[in-house]
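Trainee: Residue numbers (this note's numbering), protein chains in the order written: chain A, 1 to 288; chain B, 1 to 188; chain C, 1 to 563.
It is worth saying that the hints were derived from the structure and are not from the lab.
None of the hints are false.
As a list, the in silico DSS-like pairs of lysine-lysine whose alpha-carbon atoms are at most 30 Å apart: (1) A:LYS172 - A:LYS135; (2) A:LYS14 - A:LYS242; (3) B:LYS78 - C:LYS376; (4) C:LYS376 - B:LYS110; (5) B:LYS110 - B:LYS78; (6) A:LYS121 - A:LYS135.
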Amino acid sequence: MIRVQDLVKVYGTKEALRSVSFEIPPGQVCGYLGPNGAGKSTTVKILTGVLRPTSGRAVVAGFDVGEQPLEVKRRIGYVPETGAVYPMLSVSEYLALVGALHGLDPPEIAERSERLLSLFKIRDAQDQRLDTLSKGMRQKVVISAAVLHDPEVLLFDEPLSGLDANAARTIKDLVRGFADRGKTVLYCSHMLDVVERLCDRVIILDQGQIVADGSPSDLMASSQRDTLETVFRSLTGGDDTKELAEALLDAVRHDRGAAGRASPDAPSARHEIPSPSPRHGKGKRRRR
Amino acid sequence: MTKSELRQLRVQLVMMGALFAACIAASAAVPAFDWAFHTYLCRERYAPTPAELRRFVEAAEQGRLDRGEFDRLAPEGKVAIYRDWMSRSGTPPRATPGTLMAAAPEVYGKAVERTLICGRADQRERALEFLELAGDAGAIPMLQRVGRWWMRRNLPVIAERIQMTIGRLEQTAAGRPPASAELSPVFP
Amino acid sequence: MSAKLPSADGPWIDGALRWAGIEPRAFRALLHAYLLIDFRNQQFGRATLSGPKAWVAPMFWVVGQNLLLGFATGVILYERVDVFFFALANLAVSMLVMATAVIVEFNEVVLDPEDLEVVGHLPVPARTYSAARATNLIGYVLLITVSLNLCPAIIGIGLPDAGWAFVPAYLLASLAGNLLVVGALILVYLVLLGDRPTESTRELLAWSQIVLLWIALMGGQFVLLHDRSFRIEMLAYELPDWVRWLPPGWLAWFVASTGPVGDAVAWWVPGVVAVATLGVWVVVMARLSAAYAQMQPGAPAWRRAVLRPLPRPGDLAGPIVRRLTRAGEERVAYWLCTAMLRRDYQLRMRSWPAFGVALAAVVLGLATGQLGDPMKEHSGVCVLSLAALYLLTVPVPTILYNLNFSRDHQASWVLLSAPIGDRVAFAEGMRKAVTYGVVLPVLVGLGIVFAVCWRDPLDAAENVLAGWLAILAAGHASQIGVLRGLPFAAPAARGETMGPIAMFAALVSGTAMSLVGLHYLASQRFWTFAAYLGGLAVAVLALRAAASRVLEQHFVTEAPGHD
Chain A
1 MIRVQDLVKV YGTKEALRSV SFEIPPGQVC GYLGPNGAGK STTVKILTGV
51 LRPTSGRAVV AGFDVGEQPL EVKRRIGYVP ETGAVYPMLS VSEYLALVGA
101 LHGLDPPEIA ERSERLLSLF KIRDAQDQRL DTLSKGMRQK VVISAAVLHD
151 PEVLLFDEPL SGLDANAART IKDLVRGFAD RGKTVLYCSH MLDVVERLCD
201 RVIILDQGQI VADGSPSDLM ASSQRDTLET VFRSLTGGDD TKELAEALLD
251 AVRHDRGAAG RASPDAPSAR HEIPSPSPRH GKGKRRRR
Chain B
1 MTKSELRQLR VQLVMMGALF AACIAASAAV PAFDWAFHTY LCRERYAPTP
51 AELRRFVEAA EQGRLDRGEF DRLAPEGKVA IYRDWMSRSG TPPRATPGTL
101 MAAAPEVYGK AVERTLICGR ADQRERALEF LELAGDAGAI PMLQRVGRWW
151 MRRNLPVIAE RIQMTIGRLE QTAAGRPPAS AELSPVFP
Chain C
1 MSAKLPSADG PWIDGALRWA GIEPRAFRAL LHAYLLIDFR NQQFGRATLS
51 GPKAWVAPMF WVVGQNLLLG FATGVILYER VDVFFFALAN LAVSMLVMAT
101 AVIVEFNEVV LDPEDLEVVG HLPVPARTYS AARATNLIGY VLLITVSLNL
151 CPAIIGIGLP DAGWAFVPAY LLASLAGNLL VVGALILVYL VLLGDRPTES
201 TRELLAWSQI VLLWIALMGG QFVLLHDRSF RIEMLAYELP DWVRWLPPGW
251 LAWFVASTGP VGDAVAWWVP GVVAVATLGV WVVVMARLSA AYAQMQPGAP
301 AWRRAVLRPL PRPGDLAGPI VRRLTRAGEE RVAYWLCTAM LRRDYQLRMR
351 SWPAFGVALA AVVLGLATGQ LGDPMKEHSG VCVLSLAALY LLTVPVPTIL
401 YNLNFSRDHQ ASWVLLSAPI GDRVAFAEGM RKAVTYGVVL PVLVGLGIVF
451 AVCWRDPLDA AENVLAGWLA ILAAGHASQI GVLRGLPFAA PAARGETMGP
501 IAMFAALVSG TAMSLVGLHY LASQRFWTFA AYLGGLAVAV LALRAAASRV
551 LEQHFVTEAP GHD
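For reference, chain A alone in the conformation it holds in the complex (with noise of 0.2 Å):
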């Protein structure tokens, strides 16, 4: 179970997060959504106990993070969004590493590793440095560290970044298996789509507040969109992105005549084709 609470995150001058208030209960796989900057990462890492709040109070698995972080720390499985690890241990090290760091055994983290690498398909390369892997399979590496100590909660920061898509398959059968099995999984992710399927519900935060918490055809049927990128757009200020796009390529078209003055060769502003030279297609197509 993840509860938040008026939880507010302040750098400097800045407001990350602004009085975030949500509970999602076990079972349940949660989609954490927002534009670059909304506060997502933030919130991850309060709840992991990487980072403090600046006030507000954040309870996972029954512990509160800021009172009781150890404990927190014991029952959650984290991937963050950098991947980043160290590039100078074995696979089979790191592992061993993180099984330690949460007191298990050699022989459970021995067991528990081989399988989760024979799952992926990485198993020959346990002896490998990680930083010889490829960021997709550095990305298989360390989902199998947060959940190789069958954590409570689960907290996944674009996990399928660099995945192939069988991997990236077997991650969501996973996620799915672990909602299934009664654990709680707070899911971030921009693969709207991939959101759509796999979660439950969907919490979409803009600008350090939270602009939408619902099932994802909730949130399209109150808001009469067909698909959650749509829905999620129309929070944020996504819709005028056709406008954008256009304003950003004029800004930075090369234009050859004198300053202020557009070319009377070059295309006009709204980059229409070029009607085809006479020499081109007269009376020919192409074979396709």
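Once you've looked at the hints, dock chains B and C against the given chain A.
Mentor: Frame of chain A; chains B and C shown alone:
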């Protein structure tokens, strides 16, 4: 001033400038304290003479050193007898230098050379008097080296005093009495 | 790039840069960024994104300790030596410190493949990039040179044989010497090691240079220590002729020639050095450009990709580690720190030079026959043995402090989000990684050397035992003095790896030298030596108890507070 203001580049540069200024001021003050260096740092320090060497000191004062026993002394022990003479208050015994130089000219020549280089002005004066009382012309090359050293350091006054001692030793070697054999009571 | 005439538009310097094949705007932008990074480095890269605690830039500490060093050497030598020796000693210290800084911080200062992650995809010509890096480097050299030599330059005016031109002459000589040393060092690396130097070769070269540097610095003092009335004045007076032929000797000769005594000013010396420096830097720039153009980010292909498997699957500890450490946080910390100390080249390069002084003392002692047994020799012959023994305490705070820093600091979330319940045990693991994992093998090696030289293993064991107790004491004291939080959680900034703990390290080395004297006195009788060992043991226990209390309150295993 808050920490974030302190961390601004401008403030850091000002702090570094202040640090430089403080060190420049401290460095400029050092030459002004020449006298402290000459009084307290640029001098030899003489430890108390060990009890087991006292009989050698007394024997040297009387000009009756047992060469056999004396030769068995470690070099540090021999130098300790010299330092005992150097640290005597009032007028030190006149016979000691000659006795010691005759017994171990290299050891005492080296000890005097060290005093002439490392010692304070009064210690240098006493060391020169040691040589003059010993009357050993064999120390002249050493004195010439030391004199050149002080000339190179642009301190001709010291070099001239050394030259005076060279002159007296040459006179002694030639059988003529030195110009002055009086010891100045350097130490009160 | 072809040479171009200076442009008629814009400042003349832009034209000069273009003539040299350097893009002015990109050059200025890069240089500005590098200067900011030098001053702000402690503010970035904290994985928790919270505000930094440090209110002074690492550069401040570097400059401060250099100013102090320059002031100290100037004061120690003032009025005791001639202007030649004064300039020689200070110039030599300056060039040695400069050389050591370049060797140790080669990656951060000269060739940094990680830069490619940021600028590699940008349209910056290789020559522009190398010019910006080289200019930043020269700026760093200038700052270090001035901070090391300003105080001696001012103090030296008071010498009787220093002339009116002492200050400019000395500063000119120091700048020329440092630039020449840095340029020559970089050239050695680039020419000898090729454009893609292997880690082990670079490390070997760096190690041999560091040991030689320390031997040169300490050699004169140690050799004369056999005469207990060693004086700097005598060293200056009886300076061997061959010293005058070393590069600092030429420059010191030039400085001395500006004085009132002697012949005409030897202007040809700075002239030759300037030409040589210019020549070296032209070649350095050309080679650096080529090296940057071929630089590749990421791990070099030659580095071993497959590591040795764990002793038992899932188990970090082998039998020795299981005996040395308690299960849990202590064992994890011990394993992680020793693994990183073995594998992280940059951590090793920041840590191992601290052993250079002790190693130099042993080498000098063997070469001059002054590695005597203090139990048997009651004279200056055993001073080098004791110095080597107690100088092994000096690396302890340095290495422990350096565990704070890593290029992989972004992985610190692994430890920050882990349930580390017993923080004292974790800190103990870190301490043991340094004392048992790094210093103890060196101490054992020293014991073997003693046993062979003295032909008395029992005496060697007794002396090594005293050294070990001192090392344990230094370890606990360092936990109080320098250990503040989880390892590998902060980025390594230029100068930060030593600057802030310079005072504490000086305290440890001062205490070590005092113990040399105590050990020497105590070793003359059996019962005094036994009492000395007992005293050391009591000190270890007291420091251990104090360290536990301090660590319980101050050792941070969670996110730092927001400020």
